[in-house]
Structure formats: C-alpha cells, structure tokens
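J.: Chains A and B, in that order, are what the protein sequence lines are. This note's numbering applies: residue 1 is where the first sequence begins, and numbers increase by one. This note's numbering applies: residue 1 is where the second sequence begins, and numbers increase by one.
Read the hints as simulated data drawn from the structure, not as lab findings. A few of these clues could be false.
Unchecked claim - Here are a few chain B residues that face chain A, going by a calculated C-beta distance under 8 Å:
hint, residue
1, Ala-77
2, Asp-86
3, Gly-87
4, Ser-88
5, Gln-91
Claimed, not checked - In silico DSS-like pairs for lysine-lysine, Cα to Cα no more than 25 Å straight-line:
hint, chain 1, residue 1, chain 2, residue 2
6, B, Lys-97, B, Lys-10
7, B, Lys-78, B, Lys-97
8, A, Lys-209, A, Lys-299
9, A, Lys-299, B, Lys-78
10, A, Lys-331, B, Lys-11
11, A, Lys-209, A, Lys-196
12, B, Lys-78, A, Lys-404
13, A, Lys-197, A, Lys-209
14, B, Lys-97, B, Lys-11
Glycine included, each C-beta is placed from N, C-alpha and C at the ideal position.
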Amino acid sequence: MGTRTVRLEDEDGKAAATRMPSFDSQSPISNILVAFSYTEGGTIQTYHVCDIGAFEHSAGFCLEDAVNLSGTGDQAVVSDPLQIDTFNKAPTSFNINNQAETQRLLLEKGQKLNLVSISSGNTENWGESNMADASPRTDISTDADTEEKNQRFDRGQSAALVAYDSSDRSKDKMDQKMLRRLAQNREAARKSRLRKKAYVQQLESSRLKLTQFEQELQRARQQGIFISSSGDQTHSMSGNGAMTFDVEYARWLEEHNRQINELRSAVNSHASDTELRIIIDGVMAHYDEVFRLKSNAAKADVFHLLSGMWKTPAERCFLWLGGFRSSELLKLLANQLEPLTEQQLVGIGNLQQSSQQAEDALSQGMEALQQSLAETLSSGSLGSSGSSGNVANYMGQMAMAMGKLGTLEGFIRQADNLRQQTLQQMHRILTTRQSARALLAIHDYFSRLRALSSLWLARPRE
Amino acid sequence: MDAVRDLASKKAAVIFTRSSCCMCHSIKTLFYELGASPAIHELDHDANGREIERALRAQGYGSVPAVFIGGRYVGSAKDVISLHVDGSLKQMLMDAKAIWF
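Bound conformation, chain B alone (with noise of 0.2 Å):
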C-alpha cells in the first residue's frame, strides 16, 4: 500500500491502469477532456505492477481503473462517472489544483 500512496500522492490525478483496458482508456480520455493531466501508471508495463495490483486488491479498491485525486482513492470506472454528472469530479480536480476552470 505504500507503494500505492507513494504514487498517489505524487500528483494531483494519478490512475492506476492496463494497457489492455478499454475502460481505463475511456476514463483516461474523460480525464484529458476536463484538462486534468493525470499520471498514468500501467500496470502490466510497471515494474512493480503485480504488487500494487495486490494492494489495490487488497484495500478493497477493485481493479482497474483505480483513480486518485489529490491522494485520495476515488474509485473506479462507475464511480468516476457518478462523480462527473453532478459535478463533484471537476470540483474535486480544482480543489486539487488537477485544473483551474
């Protein structure tokens, strides 16, 4: 898990993806549209992917994506849209400074 909160805390957006996975692509694509420029850590490309898959797993947080916003374990996919809807997402970003407007 720290690997997972060391990462996470890097950067304002960070998701956690596969390289296979047409959702994460969406959710990447969702997050470029708003402006946020989120860091995107592969895991089936990351050295330590297997382990901070195991700890996702482990937290309860599912699979991939795994998006975190100013740290914070935001959700996966599902999540990510709710958010976007009614607006908590873009106000998440700013309050991160993930974007301005």
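Okay, chain A solo, but in the shape it has when bound (with noise of 0.2 Å):
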C-alpha cells in the first residue's frame, strides 16, 4: 500500500507538533486517511498518511503507529493493528467498509471533523486536548483514544488515532486477509521495535565514550600548556605532549587557512601592496607560531614528530626530519613566481642550492647519530668479564644510548630553523605580490596533499 511517512520534529522535544505534514492539494482529505499520534514524553512525532486508494485491496484502513524516537533522525514506523484491537474493545468500532463507502462518507463528514485544520495550516498541539476539541461528533474517539492511551501506558508505546466520524461505526467482522495482515504487522513492529532499541543505545554508549574523549583531551591540553610554559621541563609527558601537540597544531592550520583565504580574497580583489603586506606580516608571524609549537613539542615527545603522524599520509610520504624539505618548496614555487628580475633569479637559485646543502648537511649527520647508536646497542661484552661488569657494561651502554638521543631534539630542531629560515629569506627576496603569490602557491600544494590524504583513506577497498 502507498503510504507516505511524515515525520514532525518538535524542537524542544515536547509533545507537540511545530509542522504540518504537507498535504496534497489535489487529493482532498477524502483521499487522505490521517493517522495521528501523540505521547507522553518529549519525542519525535510520527505520522503516517496512508492513501486510501490503495486498499482496494483490503477493506480496511491503516492504522500506523508511531514509535517513540529519542532523539534520532531514525523513522521506524510500523502498524500495529493492536489499534484495531483496541478499537474492537471500545464501546464503539469503525466503519470498515468497502473503499467506496469509505470514501463517500468522509467525504461528507470529513469537513465536519476538526481534522480539517490538518490541511489548512498551523495547528499547534496536537494532543489530547486537541481530540478533545475536534468535532463533536469525536467525542467518542476521544473516549477509544483514553481506553487506548491507558493501552499504550501498559506498554509504553504511544498510541495512534484515527480520527473517524462516530456516527459511522458498526460491528462488522474482519477478513481473513486482514487478520493475517495485522499479524504480520505485528511482527513486523516488535522487529522494529527491537532494532530501535539495539541502536539507541549504541548511539548512548558512543555519547558517553565521547564525552569521556572530550574530558581526557582537557586535562590532556592543560597538561600541555603546562608542558610548553616552562622552559626547561625535564618531565616528559609523552603521551599528552604529542596528544595536545595534535591539537595545537589543528589549531594553527585552521587559523593558517583563515588567514590564507584572506589573502587570496586580497589578490583576488587587486588590493594595494601595503595591505597585502600587513597579511603577508601576519602570515609569516603565523608561521613563527607552529616553529615555536614544534620546538615545545620537540622537548615534549620528538619521536612523535619525527613519526609524522600528526600529518596527513600523503604529507607523510615527504617527511624529512619531522618537516617538508625546504629545498623541495623552492622548486615547485620556481616556475610559479614569474616573472623574477636577475637578482631576484640568483637569489632564488642560491637560496634553493643553501636550503639543499643544510638538508644534506643534517641528513648526514642524522646518518652518523643512527650508526652510533647501532655501535652502541650492539658492542656487547660476551666475554668473561663476570656478571657485574656485564651489567656494569650494559648499564654504560644504555646510559650512552639515551644521550644520543637526547641530541634527535637538536636535529628536529635546526630543520625546524632552516625551514623557517628558508621562508624568511624567500619573503626577502621577493616583492609583497610575488610573496603573496609564494604563500597562496605552497598552502594550495600543500592543501593539495591533504585532500588527497583523504581521498586515499576514503578510497574503496575490494
């Protein structure tokens, strides 16, 4: 059967319904069988208009009945035909008569039926009260409705109405077909029901653990900010320091953003150099920021910068000593910042050739940490020196191990400085628009990378 579900939000969750369902001008409510609900507690209405057109097939109308949605978008929507029982029950059933029948009779009652405010706009309230106000000749609904309210308490579902012209009713006994329907509604309810159920609370236990995330992220950042106040913090709380360092740095790039639309705006409305040069300024101060945050993030777990992670996987692939490789950043930016007078060609060619020679420069000497540290780790003494110079020894070799370490922070650190180093010099050698240029040119390459990081972690997987 055709049936259209409408679903009524009410905002403050009380139990009311702030929207009409939209009805179809061309099918009159002599088309349109409307069953209503209305609950207790603060939920999403639902409400079924069920088209009479299609039960030409069974002589009966449909009665849905809406199931109590906290606070999700979900419409589990089902009929229960224990309405029917209900209104068996109740000392007055309904008309179900054939679909002509039906049709001719709300056709003439149904302009008596208060119902009709259903399709001539705002009514608020739907309630009880509202039953009780329909047309007079509801007053027996309103009586079913209360039997079968005190139905719905018992089982803590709401109950559904239809709204039905008293005069009508008669006590004529239902099809085979129809009993074996309502069965199957039935059914098919309390599965519904179940599912429902099963994903509230999934939805609760989610609620909860996020909270719990939020409340941990907290105490994780002030913890943090603790860490990078002091200068020289000799605790390291590696877990939050990368954690908040995470934070720290979503932060700045949001801000970075910010301020780079705010420049390209600029361009793009052929702004004045001085203007372009204050966001420009700001910008580069910007960018002293997340050095000054890797710096205390060095101090604080520089493993965690040197793993990257705080990048996005296709950033990733490029990580040189916990950064981008400046060298790399000029040659792109090379063809884009036509047209360069002569200096300004010798200072990009030899700013590119320094920033390449430093790269080398701490790569080797990262190169020579990593094969000193191997020597240390590895020269055990397997000899018979005796069990207390073993660990004597050991104990040496751990201690030496843990200095060269120590010295990773400085590596982070001077890349951390030619990077930023390289970006000042490129801002000096350039004009404020070639500069604006430059800024726009590497945040969209490297925008660029991110958007496909996250293509790659939404790709399909066979």
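With the hints in hand, could you dock these two chains into one complex?
T.: See below:
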C-alpha cells in the first residue's frame, strides 16, 4: 500500500507538532486518512499518511503506530494493528466498509471534522486536548483514545488514533486476509522496536565515550599548556605531549587557512601592496608560531614529531626530519614566481642551493647518529668479564644510548630552523605581490596533499 | 681564552667539536660541501680539550660545535645554518679567504 511518511520534529522535545505535514492539495481529505499520535514524553512524532486508494485489496484502513524516537532521525514507523483490537474493545468500533463507502462517508463528514485543520495550516499542540476540541462527532474517538492511551501506557508505547466520524461505526467482522496482514504488521512492529532499541543503546554508549574523550583531551590540553609554558621542562609527559601538539597544530592550521583565504581574496580584489603586506606579515608571524609549537613538542615528544603522525598520510610521504623539505618547496615555486628580475633569479637559485646543502648536512648528521646508536647498542661484551661487569657495561651502554637519543631534539630543531630561515629569506628576496603568490602556492600545494590523503583514506577497498 | 684565540686564528675556518657529537658532523659536512677545509679540534681527543671547553663556556659561546671564521666567533649550529641560508656564511668564508668562489 502506498504510504507517505511524514515526520514532525519537535525542537524542544515536547509532545507537540510544530509543523504540518504537507498534503497534496489535489487529493482532498477524502483521499487521505490521517493517523496521528501523541506521546507523553518529549519525542519525535511520527505520522503516517495513508492513501486510501490503495485499499482496494483490503477492506480496511491503515493504522500506523508511532514509535518513540529518542533523539534520532530514524523513522521506524510500523503499523500496529493492536489499535484495531483496541477499537474493537471500545464501546464503538469503526466502520470498515468497502473503499467506496469509506470514501463517500469521509467526503460527507470530512469537512466537519476538526481534522480539516490538518490541511489548512498551522495547528499546534496535537494532543489529547486537541482531540477533545475536535468536532462533537469525535467524542467517542476521544473515549477510545483514552482507553487506548491506557493500553499504550501499559505497553510503554504511544497511541495512534484514527479520527473518524463516529456515527459510521458498525460491528462488521474482519477478513481473513486482514487478520493475517495484521499479524504480519505486529511482527514487523516488534522487530522494528527491537532494532530501534539496539540502535539507541549504541548511540548512548557512543555519546558516553565521546564525553570521556573530551574530558581526556581537556586534561591533556591543560597539562600540555603547562609543558609549553615552562622553558626547561625535564619531565616528559609523552602521551600528552603528542596529543597536545596534535590539537595545537590543528588549531594552527585552521587559523592558517583563514589567513590564506584572506590573502587570496585580497589578491583577487587587487588590494594595494600596503594591504597585502599587512596580511603577509600576519602569515609569516603565524608561521613563526608553528615553529614555536614544534619546538615545544620536540622537547615533550620528539619521536611523535619524527613519526609525522601529526600530518596526513600523503604529507608523510615527503617527511624529512619532522617536516617538509625547503629545497623541494622552492623547486615547485620556481615556475610560479615569474617574472623575476635577474637579481631575484640569482637569489632564489642561491637559496635553493643553500637549503639543499643544509638539508644534506643535517641528513648526514642523522645518519651518523643512527650509526653511532647502533654501534652503542650492539657492542656487547660476550666475554668473561663476569656478571657484574656485564651489568655495568649494559648500564653504561644504555646511558650512552640515552645521551645520543637526546640529540635528536637538536636535529629536529635545526631542521625547523632551516625551514623557518628559508621562508623568511624567500620573503626578503620577493616583492610583496610575489610573496603573496608564493604563500598562496605553498598553501595550495599542501592542501592538495591533504585532500589526496582524504581521498586515499576513503578509497573503496575490495 | 688565549688557547682558543690562538687556535682560532691559525686558520681561516676553525671548528671545535666533540667526536661523539653528530650535529658537529653535520656542520663539518656543510663546510666541506662549501669547499672550505676547516681546522677541526676534537675537544674529547685534544690535550687541552677541557680547558678549551671551559673557556668557550666562559665566553658564553655554548657548547660544540663552536665555529670561528677569520678568527672571530660565528656561532653554533643554529647560527651557522641561519647564516648559510641568507648567504652570509659564504661571504664570510670568502672574506676570510677560506674559499674563493
């Protein structure tokens, strides 16, 4: 059967419908049998609009049950034929004639029902009171309503009502087909309720987890701030250092993106050099900020920086000593900065060479460090020095290895120093407008890398 | 400090290092890359090593690597890299005749 599900959401969770279902104006109320419901608690009301036209095969009407939805957008609306049972128990029952007669009756009486207000505009506070205010003819429906409501309370569910012209009730029996259909509906309703329950439980546990994470983050942030403010922090709160930096870096990136957007619109709107310079100075100062953050993070957790886990996967591809390679950056800028004066060309060329040389020097230093560390750890005394000698050797080795690990921080610091100096030197060589374009190009490159990472992570896997 | 000044003026480029210091290795590599042949003094293998280290620290020069060009203190790793990026290091080396191009 054709049913249109209309969901009325309540902002403050009260049992009120604040929006009307949109009715097809071409099908007057005679074609529409509205089942609406009310609940006690603040929940989303679900309404069903059934098309009587589809009732050719079943000489009945569609009753839908609205299920309590706590805070979700799920619509598990099922039909609960129990209402029909209820109605049967009610002092009056409804007329379940053939389609034609039903239609005729509704046509006649439809206008007199208060339910006309459904199609006419805003009706608020659907509820029992509304029922009471309905046309006098729906008196009995109110009674049935009450009794049904009691039943609903017992079952902890919401009641569904069919507004109907009471004078048409009779005591006709139901079809076999109808009974079977009702049974199926019952089953479907039960299954749906179970599904809903499971889903809601899942949501609630997720919400709890989320709150816990937020608290952890808050704690870590506080501890992290403590770390970064004290210059010679000797304790390393490693886990928190990493998390803190990730959070700070995310915030930094957000602000950076905002500044770049500002720069972009300034460039596009042909702003003056003075205006551009102000924005560019802000961007450069903000770059200084990230190097300061990284410096603190290097003290707290150098391996987190080295791992590059604070960057997206594609960016990590190009990771060098905890960040980007200045020489590579200059290479990709080379084409985009034209036209350059002779002096500028020389300057940029020298800068590229210098950064390349510095990178090589630092890389070689790192290799020396690795080699030295390996030698320290592998020099074991498998000899006859005696157990105490072995232990002393071991401890000595570990102490030396610890010292070497400590120098890692220095390498990251110098790598960042190189990046910072390269950016500043580039800014010195270029004109204001060229600097703007360079900063935009750098940002575009990295944001494309980040977008690539997102695509990669979301790729469909067989 | 005399020992330091003495050694520092002996050659156009002088670097005080420690054999275990890998950052010193980086700075040495950079100088070789530029074509300079600096005089390297490994303080942990030098006879006057400890004295020199004390003198360096007394001057506020920090620890190794300690770089001298043309007899004058240039700085540690951070300073050398910064000067290299803006082209000053090369100029200093040329001025001190440590390199010619």
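J.: State for each hint whether it applies.
T.: Each hint tested on the structure:
Because the beta carbon of B:Ala-77 sits about 6 Å from the nearest beta carbon in chain A, less than 8 Å, this interface hint is met. Against a cut-off of 8 Å between C-beta atoms, the interface hint on B:Asp-86 holds, since the closest Cβ of chain A lies about 5 Å away. The interface hint given for B:Gly-87 is met, as the beta carbon of that residue sits about 6 Å from the closest beta carbon of chain A, less than 8 Å. Hint status for B:Ser-88 relative to chain A: violated, with the closest Cβ pair at about 10 Å, above 8 Å.
With its C-beta approaching chain A no nearer than about 11 Å, B:Gln-91 sits outside the 8 Å limit, and its interface hint is violated. Restraint check: the Cα-Cα separation between B:Lys-97 and B:Lys-10 comes to about 13 Å, which is no more than 25 Å; the hinted pair holds. Pair hint B:Lys-78 plus B:Lys-97 holds up; C-alpha atoms about 23 Å apart against a cutoff of 25 Å. Note on A:Lys-209 and A:Lys-299: the hinted pairing is violated, with a Cα-Cα distance of about 31 Å set against a maximum of 25 Å.
Only pairs whose Cα atoms come within 25 Å are accepted, and A:Lys-299 paired with B:Lys-78 is accepted, the gap being roughly 17 Å. Taking the CA atoms of A:Lys-331 and B:Lys-11, the gap is about 36 Å. The hint is violated against a cut of 25 Å. For the proposed pair A:Lys-209 and A:Lys-196, the alpha carbon gap of about 20 Å is at most 25 Å, so the pair holds. For the suggested pair B:Lys-78 and A:Lys-404, the alpha carbons sit about 19 Å apart, so the restraint of at most 25 Å is met.
Restraint check for A:Lys-197 and A:Lys-209: satisfied, since their Cα atoms lie roughly 19 Å apart, inside the 25 Å limit. For the hint linking B:Lys-97 to B:Lys-11, the alpha-carbon distance of about 10 Å falls within 25 Å, and the restraint holds.
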